[in-house]
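First to last, the sequence lines map onto chains W and D.
Position 91 of the first sequence, counting from 1, maps to 91 under this note's numbering, and the rest follow consecutively.
Position 53 of the second sequence, counting from 1, maps to 1053 under this note's numbering, and the rest follow consecutively.
I should point out that these hints are in silico values taken from the structure, not numbers from a laboratory.
The reader is advised that the hints may include incorrect statements.
Said to hold, decoys possible - Within a straight-line C-alpha distance of at most 20 angstroms, the following computed SDA-like cross-link-like pairs (lysine to any residue) qualify:
| hint | chain 1 | residue 1 | chain 2 | residue 2 |
| --- | --- | --- | --- | --- |
| 1 | W | 102 | D | 1116 |
| 2 | W | 4 | D | 1083 |
| 3 | W | 102 | D | 1186 |
| 4 | D | 1196 | W | 56 |
| 5 | D | 1178 | W | 103 |
| 6 | D | 1178 | W | 35 |
| 7 | W | 102 | D | 1053 |
| 8 | D | 1196 | W | 142 |
| 9 | D | 1178 | W | 127 |
| 10 | W | 139 | D | 1085 |
| 11 | D | 1196 | W | 4 |
| 12 | W | 99 | D | 1054 |
| 13 | W | 139 | D | 1051 |
| 14 | W | 91 | D | 1187 |
| 15 | W | 139 | D | 1083 |
| 16 | D | 1116 | W | 126 |
| 17 | W | 91 | D | 1121 |
| 18 | D | 1178 | W | 22 |
| 19 | W | 102 | D | 1083 |
| 20 | D | 1116 | W | 56 |
| 21 | W | 99 | D | 1185 |
| 22 | D | 1116 | W | 94 |
| 23 | W | 102 | D | 1187 |
As the list claims (entries may be wrong) - Partner residues aside, some chain W positions facing chain D, computed with beta carbon under 10 angstroms:
| hint | residue |
| --- | --- |
| 24 | 13 |
| 25 | 23 |
| 26 | 37 |
| 27 | 52 |
| 28 | 53 |
| 29 | 54 |
| 30 | 56 |
| 31 | 94 |
| 32 | 123 |
| 33 | 125 |
| 34 | 134 |
| 35 | 136 |
Glycine residues also receive a C-beta, built at the ideal position from the N, C-alpha and C atoms.
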Amino acid sequence: MAIKARHKRFILIAIGLALLGLAAMLILNAFQSNMVFFYTPTQVHKGEVPHGTGFRIGGLVVEDSLKRQDDGLTVHFSITDTAKIVPVVYKGVLPDLFKEGKGVVAQGKVGPDGIFVASEVLAKHDENYMPPEAAEALKRAQEQGKTVVMP
Amino acid sequence: MSINWFKYSSPQTFYPLAGKMIPWFAGLATILAIAGLYISFAVAPTDFQQGEAYRIIFVHVPAAWMSMVIYIVMAGWAGLGLALNARLSAMMAQALAPTGAIFTLLALVTGSLWGKPMWGAWWVWDARLTSELILLFLYLGFIALQSSIDDPRRADRAGALLALVGVVNVPIIYFSVKWWNTLHQGSSINMGAAPKMAATMLMGMLLMALAFWMYTVAVALMRVRCIMLERERSADWVKALSTTAGGKS
């Protein structure tokens, strides 16, 4: 009998955990739209973003889109998810990793002229880590249209 | 030939065994940490984007891994204790909790120190950071709940329940960067794919992870020995210890 009671407890714990996992899955699914940290430019164009309040927009900084105004603080750039582009204006200091062609997340509101007025700009780093020489080699290979194996 | 798995499941037999294992794990932890730190700070190359600041990953990533692994092991011991009514399992869970909490805090703090120069913010409420913070609260909650109940049997059961419920959070932490848009970058190391990181960097990180692992085992064994003595202080084997060896063994 002792062994049976022990098995019963194991089964009860397993069932409990399974139910808990299911509940967590359903809850997370229900809150899916609230769990995202930022919206993509495509979502902005489709109008799938909160209206009236601020939100975050994330993507890559479009190459050659970074322009500084004469006051030296206000910057204009565009964010893209390679499908759509959203122009952004921001007044403040940009983080170290902010670069054209790299990931960025900006918080703010869409102005009446369709330009996103950012109050905060964060750099989104990618998961690639390599020495500068390797990055250089990778870039050269890409320019020549070849593919190399990552170090 | 069959091994008697339950031989070491009683505190009386496990106490001296744990005492013998501690120096080995502590020694391994020291050697691995020295090798890991040497590779991390002297051998591994500078990163092409982040410069030297990326070196925080050699502490941050292993600490974050351990925070999740320790929680799963802790919940496993707690669940085993709940199902089998085994004293030692519950003690193991109790011994692991503080180390897990420390690694979680370490991951949060190092991440924050890295986030300010790289992202431009100390803290953001994205899914990865928030779920890791919840993990810290789960550890602290487990420790607080266990120490707030005087009867050790009831404390073990209440703690086990909390630990098991909290397990749901671990896959959320791990997959958060895949399931949702987060500011935190995705994993550089994935099963079934080449790591997105230079080999020496990876080497340093894995050595540090192993060092943390060995450290965890050593510290958990030390702590579980204290817990065993405390809980079994009226048992004959503890009394025998204090008369023969002056409390040392």
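Results for each hint:
| no. | hint | result |
| --- | --- | --- |
| 1 | W:102 - D:1116 | holds (18 angstroms) |
| 2 | W:4 - D:1083 | holds (11 angstroms) |
| 3 | W:102 - D:1186 | holds (15 angstroms) |
| 4 | D:1196 - W:56 | violated (27 angstroms) |
| 5 | D:1178 - W:103 | holds (16 angstroms) |
| 6 | D:1178 - W:35 | holds (12 angstroms) |
| 7 | W:102 - D:1053 | holds (18 angstroms) |
| 8 | D:1196 - W:142 | holds (17 angstroms) |
| 9 | D:1178 - W:127 | holds (12 angstroms) |
| 10 | W:139 - D:1085 | violated (60 angstroms) |
| 11 | D:1196 - W:4 | violated (49 angstroms) |
| 12 | W:99 - D:1054 | holds (17 angstroms) |
| 13 | W:139 - D:1051 | holds (18 angstroms) |
| 14 | W:91 - D:1187 | violated (32 angstroms) |
| 15 | W:139 - D:1083 | violated (57 angstroms) |
| 16 | D:1116 - W:126 | holds (16 angstroms) |
| 17 | W:91 - D:1121 | holds (16 angstroms) |
| 18 | D:1178 - W:22 | holds (19 angstroms) |
| 19 | W:102 - D:1083 | violated (51 angstroms) |
| 20 | D:1116 - W:56 | holds (18 angstroms) |
| 21 | W:99 - D:1185 | holds (16 angstroms) |
| 22 | D:1116 - W:94 | holds (12 angstroms) |
| 23 | W:102 - D:1187 | holds (17 angstroms) |
| 24 | 13 | holds (6 angstroms) |
| 25 | 23 | holds (8 angstroms) |
| 26 | 37 | holds (4 angstroms) |
| 27 | 52 | violated (20 angstroms) |
| 28 | 53 | violated (15 angstroms) |
| 29 | 54 | violated (14 angstroms) |
| 30 | 56 | holds (9 angstroms) |
| 31 | 94 | holds (8 angstroms) |
| 32 | 123 | holds (6 angstroms) |
| 33 | 125 | holds (5 angstroms) |
| 34 | 134 | holds (6 angstroms) |
| 35 | 136 | holds (8 angstroms) |
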